[in-house]
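*Asks:* Here the protein sequences line up with chains A and B, keeping their order.
Residue numbers for the first sequence follow the working numbering, beginning at 338 and rising by one.
Residue numbers for the second sequence follow the working numbering, beginning at 161 and rising by one.
Keep in mind that a hint or two might mislead.
Claimed, not checked - Some but not every residue of chain A turned toward chain B, in silico, with C-beta under 10 Å:
id: 1; residue: Leu623
id: 2; residue: Leu649
id: 3; residue: Val651
id: 4; residue: Val655
id: 5; residue: Ala661
id: 6; residue: Ile665
id: 7; residue: Val666
id: 8; residue: Ala672
id: 9; residue: Ala684
id: 10; residue: Val695
id: 11; residue: Ala734
id: 12; residue: Ala741
Hints in this document: simulated from the structure, not taken from any laboratory.
Glycine included, C-beta positions come from ideal geometry on N, C-alpha and C.
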Amino acid sequence: MMLLVRRSFPATRRTWAAAARRALPRPALRPALRPALVVIVVIVVACALAPAGAAAQDAGGPAAPPAAPPVRMTGAADGQAADSGAAAALARAVRLYDELQVERAVALLRQVVAPGSVYDATPAQRAEAYKYMGASLAILGARDSSLAAFREALVRDPFVELDPESFTALERALFAEARRATFLVAARPVPRLTLDPRTERLPLAVISTHQAVLRVELRGAAGQGAVLYDGEGDGVRDLAWTGVLGDGRLAPPGRYELLVAGTSRLDGRADSARLYLDVRHDVEPLEDTLPALRAADLLPERRSRSAAVRSLLVGVGVAAAAFAIPSIVANGDLAGGGPLPAVAAGAGAAGGALAFAVRVRHRDLPQNAAENARRRADRASRNAAIRARNEGRLARAKLVIDPAAGVGQ
Amino acid sequence: MSGTVVRRCTLAAVVAAVAVGAAARPMAAQLEPTGRRRFDAALEVSAAEHRVEAGEGIERSAGALVRGELRYALRSWLELRGGGGAGRLAARTDPAADRTVSELGVGAAVAPLPWLELDAGTTVRRYASALADQRWVRVHVGAETRVPLLGDGPRGDRLLGVVRAALLPVVSVTGQPGPGLALAAGTGLEAHRDRLSAALAYSLERYDFPAVLRAHDGARVRRLEQLSTVGVRVGVRF
C-alpha cells in the first residue's frame, strides 16, 4: 500500500518529499509507515537486491561491484571524482534515494563506504554516502542505524548539512539528534587567494556540531597571532580576517595555524581542529639600504705617529738633496756648488723639524672628522629615505594566502 | 759623457715625458676633478753664483736676480707658464767680468699625479758684459715632485718638499758650439696658505761644452759653465 501511495506522487524523491510535506503531515503518517517500511525492507532485501547486496550487508565481506554501469555524477558527489567508480555509485545511490528505492540505495551506499571497497571513495564521498545512508535508514525506520550513519557523516565532514528542500523533517530531526550526540569543531579549507588588506577580508568558516564555547585563533610560527573569535558557537559561523595580527601590524610572511577549539555546552567534551596557511607578501621590490661605511670610505681622523716621522724624513730628504745636487750634478772641475746649497739644506731640515713638531702635537684631523660626519649623516639620511619608500611599498603589500599541508583535527 | 749618449738620453726623456703626461691625464683629471681655471703670479728674488772654466781658471761672479712668472691653468692637469727676469752678477775672481743677465721663457706643465709634474719649455737668456754679449737659447724637459710635510690634501694650508730635475737637450750659445751635456736640478720647500704661496728653492744648471782649439795657442780647451741660485719666491693665486 505504501508503495502505491508513493507511486501516486511525482516520480522523484525530492518532488515527492516536497509534495508530502505539503499534503501529508509527516508525523500523522509515521505510525502507519513504520511497519510497512519494515516489510518493504524485508521483501526488497530478500528478493530484489539479495544477490548484489548480501555481501555488502556483511561489513566484513568484500563489496560487489554495482550492476549498473557508472554514470556521470551531476549532483552532490565529488566533482573531482566524477568519472570514478565511487562517484558513479554515489550518483546512482542518490538517484535511487530520490526514486524512493531507499533499500537499494542503502545497499549500494554500504558498498561505497565498506572498508576495502572496490570503489575507493574519498573522505568527502564517504561523508556524502553516510549522509544519504542516514537519510535512507531514517525513511526505513532504522533510527539507531540512521543516527550512526549521520554521525559517521559528521565525523568525516562536520560541515555536512541536510537541505530542507531535499530532506524530510524526520531525516533532519534525526540528523540534528546526531549532531547533538556528536561534538566536533572544524574549519572549512581556505582557497588560494590574493588579499588586499586595505579593502578585502579573508573569509573563514568554522563549525561546531552543536552549542559550544568556541575560540578561533590564528597563530604564527614566531608566536604572534590574532584571536578571530571567542564566544558561543552553534553550527557554522562565518568569520573574516583582515590580514592584521593582534599587534595591529600586517601579518608577516610565514606559516600560520588556524586553531579552532571548542567545549561542548551539552556534555563538556572538548575538540579542536587545525588548518595551516602559508602567507606571503606580494609587494613591489624593496630597495636595499646603503651598506655601513667601511674604513676605506672614511678619512683618518687622527694622524699616526709615523706621519710625523715621515714629515721629518721628507725635510731631511730635501736637505740631503740640496747637498747632493752639487756633488752629483755639478762638474767637479768647477769646485762644487759653493755656499748656496747650505741655505736650502738648512731650510729643508728646519721645515722637517717644524712639520715633525706640529704633527706630534696636533694629531687630530678636525677637517677629516667633519667630512666623516658629513658622510655618515648623508648615508643615514639616504637610508632613512630608502626605509620610508620601503615602508610605503610594504603598506601597499597584498597578502597571498595558500592552503598548506597539515590540516588536522 | 759623450754627446751621442746625451742626445739619446735626452730623446728618451722627451718621449717618456710626453707618453707619461698623455697617459696620466685622465688620472689627474679624476684626482682633481674641479678643473677650475686659475691664474698665478709669482716674484722671485735669488742669490746667484755663476762659474765658468774656459782654460784660464775658474771665473766666479755672483749677484742678485729678480724674476717674475705667470702661470695659467687651462685644466686641472695642464698649466701654461711664462716669465722673465734680470740681474747683475759681479766678478768675484780676476779673470771674471761684471755682467748682467736677463731672460725670457715660456713653457707648459702637466700633472699626471698630484705629487708629480712634468714640464717642458724654452728660455732665451742674455749675458752682457763690457767685453761681449752672449745669447743662450735653451729647451728643457723636466720633472718635479712635491711631497707634503704638513697638510694632506691638494688644497688648504700645506708645506711641501720639492725636488726637480731637467734635461736641456737643445742649448744654443752664440759664438760657440752647443754643450754636450746640459742638466739642471733643484730642491726646496713650498708653503701654501689660501691664495698665497712662498718657496725657498735652490737650483743648479750645468753646461759642459765640447773641447775646442784655442786660437792663440792651439790648445784644446773645454768650457764648463754652472749657474746656481738660491732664492725666495712669493706668489698669489687669482
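*Asks:* Taking the hints in turn, state whether each one holds.
*Replies:* Do the hints match the structure? See the list:
This hint is violated: Leu623 (chain A) has a C-beta 33 Å from the nearest C-beta of chain B, more than the 10 Å allowed. The interface hint given for Leu649 (chain A) holds, since its Cβ lies 8 Å from the closest Cβ of chain B, which is under the 10 Å cut-off. Taking 10 Å as the C-beta cut-off, the interface hint given for Val651 (chain A) holds, the closest approach to chain B being about 5 Å. Taking 10 Å as the C-beta contact cut-off toward chain B, the hint placing Val655 (chain A) at the interface holds, the least distance being around 4 Å.
Below 10 Å, beta-carbon pairs count as interface contacts, and Ala661 (chain A) has one with chain B at about 9 Å; its hint therefore holds. The interface hint given for Ile665 (chain A) is met, as the beta carbon of that residue sits about 8 Å from the closest beta carbon of chain B, less than 10 Å. Given hint, Val666 (chain A) at the interface with chain B, holds; its Cβ is 5 Å from that chain's nearest Cβ, closer than 10 Å. With a least beta-carbon distance of about 6 Å to chain B, the hint placing Ala672 (chain A) at the interface is held under the 10 Å criterion.
Hint status for Ala684 (chain A) relative to chain B: holds, with the closest Cβ pair at about 5 Å, below 10 Å. Taken as an interface hint, Val695 (chain A) checks out: its beta carbon lies about 6 Å from the nearest beta carbon of chain B, inside 10 Å. Taking 10 Å as the C-beta cut-off, the interface hint given for Ala734 (chain A) is violated, the closest approach to chain B being about 42 Å. Nearest Cβ of chain B to the Cβ of Ala741 (chain A): about 56 Å, over the 10 Å cut. The hint is violated.
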